[in-house]
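Protein chains in written order, with my numbering: chain A, 17 to 288; chain B, 153 to 590.
FYI, nobody ran anything at the bench for these hints, they're computed from the structure. Accuracy of the hints is not assured; some may be wrong.
[Stated by the list, open to error] Derived list of chain B stretches under chain A, where covered just means 3 residues or more per stretch with a C-beta under 8 Å from a C-beta of chain A:
id: 1; stretch: 223-237
id: 2; stretch: 273-279
[Unchecked claim] Below 30 Å or equal to it, Euclidean Cα-Cα: the simulated BS3-like pairs (lysine-lysine) are:
id: 3; chain 1: A; residue 1: Lys122; chain 2: B; residue 2: Lys380
id: 4; chain 1: B; residue 1: Lys201; chain 2: B; residue 2: Lys245
id: 5; chain 1: A; residue 1: Lys22; chain 2: B; residue 2: Lys245
id: 6; chain 1: B; residue 1: Lys481; chain 2: B; residue 2: Lys459
id: 7; chain 1: A; residue 1: Lys122; chain 2: B; residue 2: Lys448
All values reported here derive from a predicted model rather than from experimental measurement. Every residue gets a Cβ at the ideal spot worked out from N, C-alpha and C, and that includes glycine.
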Amino acid sequence: MVRLIKNLKELYRFRVLIQNLVSRELKARYRGTVLGFLWSFFNPLLLMSVYTIVFGFILKPRDPAFDGSPWFYALFLFCGILPWVWFSSSSIESANTLMINGNLIKKILFPAEILPIVTLTSNFIHFSFGLPILLLFLFVFGKTLTLYALLLPVVILVQYVFSLGFGFLISALTVHFRDIKDILGNLLTFWFFTTPIVYSLNSPPIEEHPAIKAILILNPMTHIMEGYHDCLFYGRALHWSSLGIVLLISLLLFYIGYAVFDRLRDSFPEEV
Amino acid sequence: MHAIELDRVTRVYQKYSARHRFQTFKSALVKGDLFRSLRPDELVVALDKVSLHVEKGMTFGVIGENGSGKSTLLKIISGIAKPTSGRIKVNGKISALIELGAGFHPEISGRENVFINGIMLGLSKKEISQKFDEIIRFAELEQFIDAPVKTYSSGMYMRLGFSIAINVNPEVLLIDEVLAVGDAAFVPKCLDRIDDFRRRKKTILFVSHDLTTVSKICDRVAWMKGGKIQMLGEPKRVVDAYLQDVVFKQEEDFQERKDQIPAAVTESSPPPGPEPAVEDEKREQRWGKREIEIRKVTLRTARGEEKHVFHPEEGMVIEMDVAALDPLKDFVFGIGIFNSQGISCYGTNTDLDDLEPVSISGEGKVTCRIERLGLINGTYYLDLAVHKRDGYPYDYHRNLYSFLVSSTLRDVGVVRLSHSWTFTPQIKFKRPGKLDKG
């Protein structure tokens with residue numbers, strides 16, 4: 017634990033480097049594209065459109081939370097997909113980041129834990145590009161924003177800690193077990209559907225099946241998503257107790273993830 | 153005060169077996185040995201209890217064959233790799249030129265890369281802004297600095313990398329063979345910079361295969377062999393000892409090759425045609441009816457020891473065991489030396505040297521003694537022949553024997569002429585050896 021804190025302090029010294037690497041990531045990602053950073057917005061928008069057409073217009077939401085309106089359903093989707101894309105793309109990139117930046121680890125004295133942080137943070141920037149557009153949509157489609165929207169940073173923080181712990185864990189393990197990349201893709205699909213993103217946690221079919229509901233409740237991402245829905249879509253207070261528990265779980269995951277990362281660190285220069 | 157202190161540093165590398173390579177996460181989970189499976193099956197000792205003290209302000213050279221542990225040593229000192237056991241201490245800010253431009257991102261501009269790379273190497277943003285122009289000027293990239301790095305040539309890439317790293321202004325500078333890729337104009341510039349460092353009393357650890365540079369710029373040299381420091385001391389002595397070792401290896405290689413020659417010759421040797429012109433294109437050949445046969449060829453030093461690697465200033469003795477089937481009265485012995493481009497460096501025979509043949513019968517020995525070889529470094533091939541005065545060959549050996557000339561001398565051309573320099577007092581030179589430390 018002492019070592020963890022010492023390392024975190026060390027990390028603070030590298031904040032300028034993190035900052036620069038994040039901006040390098042952002043610049044490099046859309047270099048050469050016509051729309052540039054607008055892709056950060058178009059990607060979730062296109063994904064949302066597909067789900068809106070399929071689930072909103074073809075299957076029609078029966079959930080009373082959406083008043084039978086496909087547009088409300090679209091907004092609900094958007095509230096969930098945006099943070100989910102942040103989580104899933106940073107997880108997938110974390111799995112690769114040590115290998116992609118193998119040059120840095122092998123040839124320069126470089127604290128490797130910066131890499132998952134940079135991955136998560138640059139994806140966070142993409143996420144935050146999408147946020148104003150989400151807010152605009154909420155306004156246009158007649159959802160009134162409440163003061164609870166100001167609690168959004170709390171939810172974001174919990175997700176950040178959770179994703180970072182997860183990122184440390186998989187980035188370190190993928191160096192030794194390349195299979196994780198493939199496992200992760202499938203895991204994330206499964207995870208996506210066991211998180212209330214395309215449906216609401218309180219929709220009638222879920223309430224009727226306590227077993228399914230129990231699984232959803234055990235999923236930490238459920239509570240993070242509910243946090244976004246509470247702040248933005250429902251405009252109501254956060255579920256503090258469950259979010260607090262998730263924060264504790266996130267800190268634990270962060271601790272475990274970092275410990276594994278730290279333990280495997282010395283093997284990175286040879287294995288990546 | 154020591155800048156670098158290593159105390160019994162050992163580094164063991166893990167060499168995974170093929171079985172482990174295919175070990176997967178799944179099987180690790182199934183067997184429940186996630187962490188145990190990370191343990192290696194075989195170990196390679198890259199550094200074996202190396203203790204080393206480098207004084208502050210010293211330029212320290214490290215030489216040795218590939219795989220002798222030089223780079224591992226550098227990586228350990230720079231902190232990129234951790235020692236398996238032992239203690240290491242570095243006093244002062246360190247900058248490692250292990251691979252130039254290692255952190256460059258190809259998609260973004262040179263300018264942005266300078267900043268990010270500089271920060272990675274430990275500069276602050278402000279420091280980089282101050283040194284930016286200097287970095288670009290040194291790299292000679294003023295016109296291209298805003299182009300993405302992926303459009304750079306490898307030379308430009310290297311220049312920018314070197315320029316950033318050298319501007320980090322460290323107390324301890326580690327250099328790993330990075331100058332090998334620079335062009336003729338840039339390398340002296342880099343060496344100038346390194347000299348500048350020496351003058352400012354910074355510590356430099358210099359790993360290189362360029363023995364001339366090593367013996368020129370270093371105060372002390374360590375020779376690494378098999379993960380250990382084989383020898384440590386005054387540059388000239390260590391470099392010489394290392395060269396001796398290399399020559400010894402080459403000698404063994406030549407010995408092996410020589411042992412293979414007779415077999416190869418007998419296979420290609422029964423050419424009955426006595427027309428050398430036709431066979432001329434072949435690189436290695438033997439022809440003639442062998443009325444007089446060259447049975448064995450030995451190369452020796454002037455002192456008589458058998459050898460295949462020579463120093464340019466050394467003498468060489470070519471010894472031929474010959475045998476005549478019947479007594480003969482018309483015969484010439486000749487030698488020819490060719491370099492690897494096929495250029496005849498020297499040739500002579502008994503006839504050209506005005507020796508009149510009288511008689512030969514039975515077995516005998518022909519010795520040609522060259523007092524001073526006087527060739528530049530390289531591989532040479534020998535033609536040896538015995539023939540009639542009109543050119544009819546008895547036994548002609550083309551390029552069947554080779555030897556190597558190896559030294560730290562750097563002169564060029566075909567032969568090394570004996571020479572010396574003198575100057576009137578108005579013209580002054582420093583004698584080779586130690587550089588001036590002012």
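Verification of the hints:
1. 223-237: holds (count 6)
2. 273-279: Answer holds; 3 residues pass the 8 Å Cβ test.
3. Lys122/A with Lys380/B: Cα-Cα ~23 Å, so holds.
4. Lys201/B with Lys245/B: The given pair, whose Cα atoms are some 25 Å apart, holds under the 30 Å limit.
5. Lys22/A with Lys245/B: Distance of about 20 Å is within 30 Å: holds.
6. Lys481/B with Lys459/B: 33 Å, violated
7. Lys122/A with Lys448/B: 54 Å, violated
Hints 6 and 7 from the list above are not met by this structure, while the remaining hints are.
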